[in-house]
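Everything in the sequence shown is counted per UniProt numbering, starting at 1 for the first residue and increasing by one.
Keep in mind that the hints were calculated from the coordinates and are not lab data.
Values in this document were obtained by computation on a predicted structure and should not be read as measured data.
Among the hints, a few may not be true.
What the hints assert, rightly or not - Below, in silico cross-link-like pairs of lysine-lysine (DSS-like), each with a Cα-Cα straight-line distance of 27 Å or less:
no., residue 1, residue 2
1, Lys33, Lys54
2, Lys54, Lys15
3, Lys16, Lys33
4, Lys40, Lys54
5, Lys16, Lys40
6, Lys40, Lys74
7, Lys15, Lys40
8, Lys33, Lys15
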Amino acid sequence: MPRHYRRDPHMRPHKKHSADVIQRAREALRNGKSIRQASKDFSVPYTVLQRHIKHPNTIKTVGGQTVLSAAEEKAIGSGKIKGVRRMGISDGFI
Numbered sequence: 001m002p003r004h005y006r007r008d009p010h011m012r013p014h015k016k017h018s019a020d021v022i023q024r025a026r027e028a029l030r031n032g033k034s035i036r037q038a039s040k041d042f043s044v045p046y047t048v049l050q051r052h053i054k055h056p057n058t059i060k061t062v063g064g065q066t067v068l069s070a071a072e073e074k075a076i077g078s079g080k081i082k083g084v085r086r087m088g089i090s091d092g093f094i
């Protein structure tokens, strides 16, 4: 059974920082500005900039660890993995 993540209604939601602002802040860092100064200039938290500098291709996801990888789910969805019905699993479970 899949998990359904529900945010606590009393918690303040995280601010979504646009990719453009992050890119401009990274450019300022390349030009010699400190992370702390760039965070003040672009109104982005220090830790967010630090994470984007240390791990530029990592995207944080909501929820826990999944059983299948994204590639496996895509293969199942596109029909590349066949034989599920022959194994005795009905359409109700897929």
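**Request:** For the pair supplied as a hint, Lys40 and Lys74, confirm whether the alpha-carbon distance does not exceed 27 Å.
**Result:** Violated, because 41 Å separates the two Cα atoms, which is more than 27 Å.
**Asked** Has the given pair, Lys33 with Lys15, been kept, meaning a C-alpha gap of at most 27 Å?
**Response** 23 Å, holds
**Asked** Is the straight-line distance between the alpha-carbon of Lys54 and that of Lys15 27 Å or less?
**Response** 20 Å, holds
**Prompt:** Taking 27 Å as the top limit, are the C-alpha atoms of Lys40 and Lys54 close enough?
**Reply:** With Cα atoms ~19 Å apart, Lys40 and Lys54 stay inside 27 Å; holds.
**Asked** Does the alpha-carbon distance linking Lys33 and Lys54 stay inside the 27 Å limit?
**Response** 16 Å, holds
**Prompt:** Given the hinted pair Lys15 and Lys40, is their alpha-carbon gap at most 27 Å?
**Reply:** Cα-Cα ~15 Å, so holds.
**Message:** Just to be careful, I want the Cα atoms of Lys16 and Lys40 compared with a cutoff of 27 Å; is the pair within it?
**Reply:** 16 Å, holds
**Message:** Next pair to validate is Lys16 with Lys33; report whether the Cα-Cα distance is within 27 Å.
**Reply:** Judged against 27 Å, a Cα distance of about 23 Å means the pair holds.
Hint compliance for this structure: hint 6 is the single one not met.
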